[in-house]
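Residue numbers (the working numbering), protein chains in the order written: chain D, 1 to 296; chain A, 1 to 442.
Hint data in this document are derived by calculation from the structure and do not stem from the laboratory.
Don't take each hint at face value.
[As the list claims (entries may be wrong)] So the derived label-pair ranges between C-beta atoms look like this:
1. A/Asp-424 - D/Ser-275: 28 to 38 Å
2. A/Gln-228 - D/Ser-275: 36 to 46 Å
3. D/Pro-19 - A/Gly-114: 40 to 50 Å
4. A/Asp-118 - D/Ser-275: 36 to 46 Å
5. D/Ser-83 - A/Pro-232: 26 to 36 Å
6. A/Pro-372 - D/Ser-83: 56 to 66 Å
7. A/Thr-387 - D/Leu-25: 54 to 64 Å
8. D/Leu-68 - A/Pro-26: 52 to 62 Å
9. A/Gly-40 - D/Ile-224: 54 to 64 Å
10. D/Gln-34 - A/Gln-228: 30 to 40 Å
11. D/Gly-139 - A/Asn-431: 56 to 66 Å
[As the list claims (entries may be wrong)] Computed, partial: chain D to chain A, Cβ under 10 Å:
12. Gln-20
13. Gln-49
14. Val-53
15. Trp-54
16. His-130
17. Val-136
18. Asp-195
19. Ser-198
20. Asp-256
21. Leu-261
22. Gly-264
[As the list claims (entries may be wrong)] Derived lysine-lysine pairs resembling DSS-like cross-links, with alpha carbons at most 27 Å apart:
23. D/Lys-141 - A/Lys-242
24. A/Lys-233 - A/Lys-428
25. D/Lys-69 - A/Lys-420
26. A/Lys-334 - A/Lys-108
27. A/Lys-216 - A/Lys-428
28. D/Lys-141 - A/Lys-246
29. D/Lys-103 - D/Lys-186
30. A/Lys-428 - D/Lys-69
31. A/Lys-248 - D/Lys-141
32. A/Lys-283 - D/Lys-69
33. A/Lys-108 - A/Lys-181
34. A/Lys-41 - A/Lys-283
35. A/Lys-248 - A/Lys-233
36. A/Lys-180 - A/Lys-417
37. D/Lys-141 - A/Lys-180
38. D/Lys-141 - A/Lys-417
39. A/Lys-242 - D/Lys-69
40. A/Lys-420 - A/Lys-233
In this text, a Cβ means the ideal position worked out from N, Cα and C, and glycines have one as well.
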Amino acid sequence: MIKRSFFKSSYLPYLLILPQVLITLTFFYWPALQGLIQSFHLSDPFGLQSRFVWFYNYIELFTDPLYLKSIFITIVFSISVASVSLGLGLFLATMANRALKAKPLVRTMLIWPYAVAPAISGIMWLFLLHPSYGVVALGIKRWLGINWNPVLNGADAMAMITMAAAWKQISYNFVFFVAGLQAIPKSLIEAAAIDGASPLRRFWTITFPLLSPTFFFLSVMNIIYSFFETFGVIHTVTQGGPGGSTNILVYKVYQDGFVGLNLGSSSAQSVVLMSLIIFITFLQFRFVEKKVQYTG
Amino acid sequence: MKLRRLLICTVVALGLAMPAGVFAKPVTIEWWHAMRSARGKVVDHMIEEFNASQTEYKVVGTNKGNYDETMNAGVAAFRSKKQPHILQVFEVGTQTMMLSGAVYPVYKLMADAGYNIDWSNYLQAVLSYYMNADGNLMSMPFNSSTPIMYYNVSMFEKAGIAPLSKTEPITWDQLGEITKKLVEAGIAPAGMVTAWQSWTQIENYSAIHNLPFASKANGYKGLDCELQINNPKVLNHIERLKTWTKDKRFMYGGQKYQGPKSEFLSQSAAFYIDSISGIAKLKSAVKDFKWDAAPLPVESWMTKPQNSIIGGASLWVLKGHTKKEYKGVAAFLKFLSSNEMQEYWHKETGYFPITLTAYNDLKSKGYYKENPLQEVGITQLNRAIPTEISRGLRVGYFVQIRNIINEELELVWNGSKTPKEALDEAVKRSNDQLRTFEKTYK
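Starting from the given sequences, assemble the full structure and let the hints guide the process.
Right, here's the structure in full:
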């Protein structure tokens, strides 16, 4: 028999979820609706003049080749950030999960970067990689012979912000992977080891499948992170440049809406951005989640 | 009945008015500005002086962050009817403010408050940036700057080049020769860098050479204006800079001031074009070399160069307050433009004084003899009467347009586009922005 508590009164459960519903309505649905309405208007920022223009803002957006380029840049950027931070996070977690002497210390040190704000992380990477005064940049130029210049070269700038954005996310992923690894029964791995499976084989056939729920969760979180929270990195390091090569969608929304005060267009961009992220998350759940093995 | 009611009303009114008259609380005037740190302190001091000079009004200044944040705070406050009396807005927001219908034009405010101001006593190149098409002042200029050219004197000495004049601009050809000499001799790693490239290399270049930035008198005469920066002369200038990048006579140091300035500070570049507000920063930052400033270079065919144009911000008076409060606003604006305040402001921040009397007064006191750097910008700004083209720019979505120009220029510097392609594309993209802006206000 399943033990389950139930409520006799019919209104109590509604009353209990009411605060949550109210908060969601006020702070999410209401602004989102306002944004949707605004996206069909051309209006003066002070709100004294406003015109309903149907899909004008959307048409302008999708006929602008640079907006389409910005979508492409965003996707490239978020995939790179997610793969770098997931890959390195997983690698470091597996390494730190082994029988090391200073295990707690290593773990703590690896978690630290997560406490750094993206803007600060951006500035630090800029200090390392700036073509004129960056220590690492001078090294790249001298020893690798690469003409490194993120101020002018779009690909270099992209590499720089990807590093800055991924760097701090590695720690976040690390925490979850370590937790996931600890939940894997040692007996399974030991049994495989006795059967003569190599460490790599053990990882791919036992550890990784058992980690797949964590991996899936993190991939969703990382994509969302790279879409929205990387704003600080872009703002402090490249401001979308050079030549618009790092102008990701969320930065463009800020530039056009907050600085440029074109509320209609930036609302339309927000709507597109939201639809895009919903679509990507949907894809992830639809196709990737099938391969995830939930235990228990 | 009626009489009695009238009597009661009178008594009540008197009763209310009396204590108010006796214990008059000063009328509060809210001023939201974007001046922080050192400049913020200067602003606070000016407010204190005003509050101490009279008892009727009390100005409260609040810093609302940087320019964008301040403007957004003003917009949000206006929408919820909690707007301040005075809002400081950067120059690119001028067109938006002017068309918003939310402002009380300054010329009107001053006239309504009974001040008869002789506007001809103001620096015309500053004033004209904030005038409407009929020549009426819409907002009070506050902090105004203009770009000048800083250069490394120590490098000049090494190469045996005579220092530049502070009043007579050199030509771009001369700049090309000097930078060539410095770079070829290995004295300077690169010739020149520039901050705010759209402002210095396109907007100011156009104004100085009397070339239209946009049609309809740079947008002053109509929202249906179009950008014209792909004209042969500007194109020639950008092509020249592009060729200069090949032999390092010009180096691109990034969009904002941080990049180019650090190139100049680390002696990676001999010339550095930036706003006059950089004087104070360079004074405190440069320790290991001598530097000086000169006016921006001019083309050899331009025998009588025009004034450069300003950047900075102005004070807008917002609608929706009482007459009495506006009297206080007017009194405060009048106070700010007094000689004493203008001289203090100029000395402390390096921004221009806005009246000629303040400028002449400083001159007669010998201030510019002691601080010759401060006069470079002001001479460049006052060397000619502004024409319809050099008085300023009045285009909508100027922030977006500057971004577009920045992007396209970067594509020139990194070799993705030819100067012609980039400028044509910049014009095309900017015109799209201008059409959207026009549609909003039709």
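> When the hints from earlier in the document are held up against this structure, which numbers fail?
Replying inline: 3, 4, 5, 9, 11, 12, 15, 17, 18, 19, 32 and 33
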